[in-house]
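Student: Here is how the chains run, residue by residue.
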Amino acid sequence: MDKDNTKKIADSACAPCCMQRRDAMKAAIAVTVMLGGGLRGAQASEPADLPPQPGDRLVRMDEEGPPQPLKAADIPLASKPVRALPFAATDALVRDGSRLGRVILMRFDPASLDEETRARSADGVLAYSAVCTHQGCEVSEWDANGGAMFCFCHFSKFDPLKAGAVTAGPAGRALPWLPLKSENGELVVAGAFSSVPGVRKG
Amino acid sequence: MRTMMKRTALAAALLAPLVAGALPAYTPVTDARLNKPEAQNWLMYRANYAGWGYSPLKQVSDRNVDKLQLAWAFSTGMTEGHQAPPIVNNGYMFVATPNNQVICLEAKTGREIWRYKKTIPDELQQLHPTNRGVALYGDRVYMATTDAFLVALDAKTGKEVWKTAVADWKSGYYMTLAPLAAKGKIMIGSSGGEYGIRGFVAAFDADTGKEAWRTYTIAGPGEPGGDSWPGDTYKRGGGSVWITGTYDPDTNLAFWGVGNAGPWMADTRSGDNLYANSVLALDVDTGKLKGYHQYHHNDSWDWDEVSAPLLIDLEHKGRKVKSLVHAGRNGYLWMLERTDSKVNYVDAWPYVTQNVFTRLDPKTGRPTYDPARIPATGKTVNFCPSLWGGKDWPPEAYNPHTGLLYIPAQNNLCSELTGEPVKYNKGDLYLGVSIENVLTNVRMTPESKVHIGEVQAWDLKTGKKVWTHTYPEMNWGPLMTTAGNLVFGGGTNDRKFRAFNASTGKLLWEFPTNSGVTGVPSSFEVDGEQYIAVQSGWGVDAERMQGAFNAVLDKKTTVPQGGVIWVFKLPRK
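Just so you know, the protein sequences line up as chains A and B, in that order. Last residue of the first sequence: number 205 in my numbering, and the count goes up by one each step with no gaps. Last residue of the second sequence: number 868 in my numbering, and the count goes up by one each step with no gaps.
Everything labelled a hint here was simulated from the structure, so no lab data went into it. Keep in mind that the hints are not guaranteed to be accurate.
[To be verified] When the alpha-carbon atoms are kept at most 25 angstroms apart in a straight line, the in silico SDA-like pairs for lysine to any residue are as follows: (1) K465/B - P70/A; (2) K718/B - R86/A; (3) K160/A - T735/B; (4) K83/A - D723/B; (5) K160/A - T853/B; (6) K721/B - Q71/A; (7) K83/A - Y719/B; (8) K851/B - A147/A; (9) K465/B - E49/A.
Whole structure, please, built from the sequences with the hints as guidance.
Tutor: What follows is the structure in C-alpha cells.
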C-alpha cells in the first residue's frame, strides 16, 4: 500500500466518525438546552469539544495566561512529550472540551525521519493523540532507551518514528498521528487524526 | 438436509429451557440470610459481614486438597486485573470483571445464564480498570461501575432495573468496590484520590436507586475535623473508599477504610487531614459518623488505609475485645475496639519492615514520625514499606477454628519519592510526584533481594506470628480460609494458585493458571460437592509493581494477560 492510499483510507476512516460525533454532540446539546440544563450555550460549547481542526495552532496544556502558539523550537529534542491542546487562533479558542482532542508533541532531527514521517512533521516535530488506545490513560512518558512513547497505566509503548506502531504492552492498535505543518515558525494542524483517538470499543 | 438442520435447531431451542430448568428457582437474598450466611453459599465480597473471607465448608481439607482438580473454567473475554470473588447463591454464580461486566453462570457447570455490560465513555481514563464484585440483595444484583454509576440488575435475567449516577467521572470519580447491602440500602464509596476528588460513602435505596445519604470522608469547614485542612484543600483532599465496608448488625454500624489524603505531599495540606487514612464507623440508617480511628495523620507515603477492618470478638492479652483488626498499608497490624458509639485504640505492632514511625502513643495509637522519612515538596526521601505498603487492597482472612489472622504481605520493600509542586486540573492526575518517579519508586534492600511476598499467620490472642510462607517477588493474592484447615491464595507472578495448611503454613497444593491470580477466592457447595473458585487475570497495581521491579531488577517478567474463572473440586468417589 503506498503512502497516498494510506492517507486516503485514514482520512475516509476518520471523517465520517468525526461527523457523527459532531452531529451526536449537536443533538445532545439541543436536548440539554431544551431541558434548560445547558451551562454553556450550544454555539460556545461545540467548537471547544471538537478534535484538532486543520489550521489550528497548538498550545501547552498546563500553561497559565493567554494561549501562546507553540513553535518547533519549544519542543525539546527526543525527550518527554509536550502535552498540548488545539487552539483555534481566529476565535481565540482552546479546544479543551474533550480529552480525545489532546495531543502530544515530540521533536527529532528531520534527517532521522523517513520520507513518510517527515511529510507529516513540521521541522521535525511529530504530533500524536495523547490518549492510549488500550484503556484511555495518558501517553505522557518517554522511554529514552527504547525510543518509545509510553502510557504509565499499563506500559503500552508506541514508536514515534513508525507512525505510532505498538512496540510493547497490551495496546492493540497504533497511536493515532496528527499531521502538522509550519507557518511563520508556528506549529499548525494540517489534517485530521490518522484514526479515531482513544479506546475502540469492541 | 436444510430441513433436518432446522429441526435440530428447533429441538435444541426447545431443550434449552429444560436444561435451564435444572437450576432451582432463584432464592432472594434477605437481611436474615446476610446476617447468617449458609455454609454452601458465598453471598458477599468476604462471605460474611465481619469480613473474614472464611468458608465453613470442610469437604476439601488439609488431608485431601492435593487431589483438587479442575471442575470447569470460563474465559471472561476481558484483560486487566480480575479481582472479584465468584459470588454464589444456591447454584447461581455472579462474577464481575473489568469493563463493567457481570456474568451469571450455573455454579456447578459454568454454563452462562446471562451477561451484562455497561458501556464505558470513550473519554474515560481507566487508572484502575477493575471491579471487586457485585452485591446480592432481594432478587437483584448490584454493581458499582468504572464510570461512577450504581446499577441494579434482575438476578434472573440480567436486565437493568435502575441505574443511578453516583458522581461525575469527568472530575475523576470512579468505583471499583463491591457494594455493601444491608437493611434495604446499597452502600458504595468512590475512588479517585489520585485525581483530586473529595471521597465519600453513600447509600442508595435498594428498590428505587434513590440516594439515602452521603457522608464525606474528608471533613469540610464547620464539620468536626474540618479544621484539620488548610484553606479549601479539603475540596480535593482525596480519601477514596475502594473496598467494601464491614458491618456489625448488633450496633447497625458499617466500618469503612479511607484512602490517603491528596495530593501526596503532606506539606501541601498541613494538619491531621481527617478522615484520610482512617476507619469510619457509619450508622447504616443515617450515614452519621459515630466513631473513627485515624491510623496515621498527614500522610505523605500514599498509604491508603482503605481495607475495611475485620470484626473479630476475641481475648487479647487477657482482655475480651470486640475488635476491629486491620493490616495497615502503613506496615502496622492494628487492633481496635468497636462499641456502639466509638472506636478505641487497643494495640498495634509492625508486621513488615517499617522505618517511619518512631513510637505510638500507648493510649491513642497516634504515631510519631521520623522527620527524615517524610517525603515533601522538593525533597527526596526513602521510606519503608513502599508506597504499596505492607499490604495493599488484597484482603486478609480470619479462621475461627485456628484463631489465626492471615495476611498477604509485601515485606522488605521500600520506596523513594521526590515531591514536586502540582496544579489541579479537573480530571487529570493530581499527585505531586512525577510519573517517572512513581514508575521507578521501589528500592530493593539486601532482604528484598531474598524475598518480598509473604503469607503471614498471626495469633491475635498473643500478638505472635505463627507461620510465614515467603515468595521471591510480590504477593498480590487475596486470601480465603476454610473449615477444612486451609488457606487459599495466588498473587505471584508465576500464575500459581495455592493451598496451605492453615495451622502450619505447609504448602499442600498449587496450580498454574492462565495469568496471575489477583482475584478474591470463594468456596461453595452444590449437590453435596464443595467447589473452590477464583478469577485469574493479572493487572492494575500488581502489573504496575512488576513494571517498577522490571525498571530496577536485571530480571524482567511479563505476566500473560486475560481473565479466566477457575473452579476446582475433588474427584468423585
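Student: So, for every hint listed, does it hold in this structure?
Tutor: Okay, the hints, checked on the actual structure:
Between K465/B and P70/A the CA atoms are separated by roughly 23 angstroms; this keeps the pair inside 25 angstroms, and the hint holds. Simply put, K718/B and R86/A have alpha-carbon atoms about 15 angstroms apart, close enough for the 25 angstroms limit, and the pair holds. At most 25 angstroms may separate the alpha-carbon atoms for a hinted pair to count; K160/A and T735/B meet this at roughly 16 angstroms. The suggested pairing of K83/A with D723/B holds, with an alpha-carbon distance near 18 angstroms, which does not exceed 25 angstroms.
For a cut-off of 25 angstroms, the pair hint linking K160/A to T853/B stands: about 14 angstroms separates their Cα positions. A threshold of 25 angstroms between alpha carbons decides the hint, and for K721/B with Q71/A the separation of about 21 angstroms falls inside it, so the pair holds. Annotation: proposed proximity of K83/A to Y719/B holds, straight-line Cα distance about 21 angstroms (limit 25 angstroms). Annotation: proposed proximity of K851/B to A147/A holds, straight-line Cα distance about 18 angstroms (limit 25 angstroms).
Annotation: proposed proximity of K465/B to E49/A holds, straight-line Cα distance about 17 angstroms (limit 25 angstroms).
The structure is consistent with each of the numbered hints, conforming to all of them.
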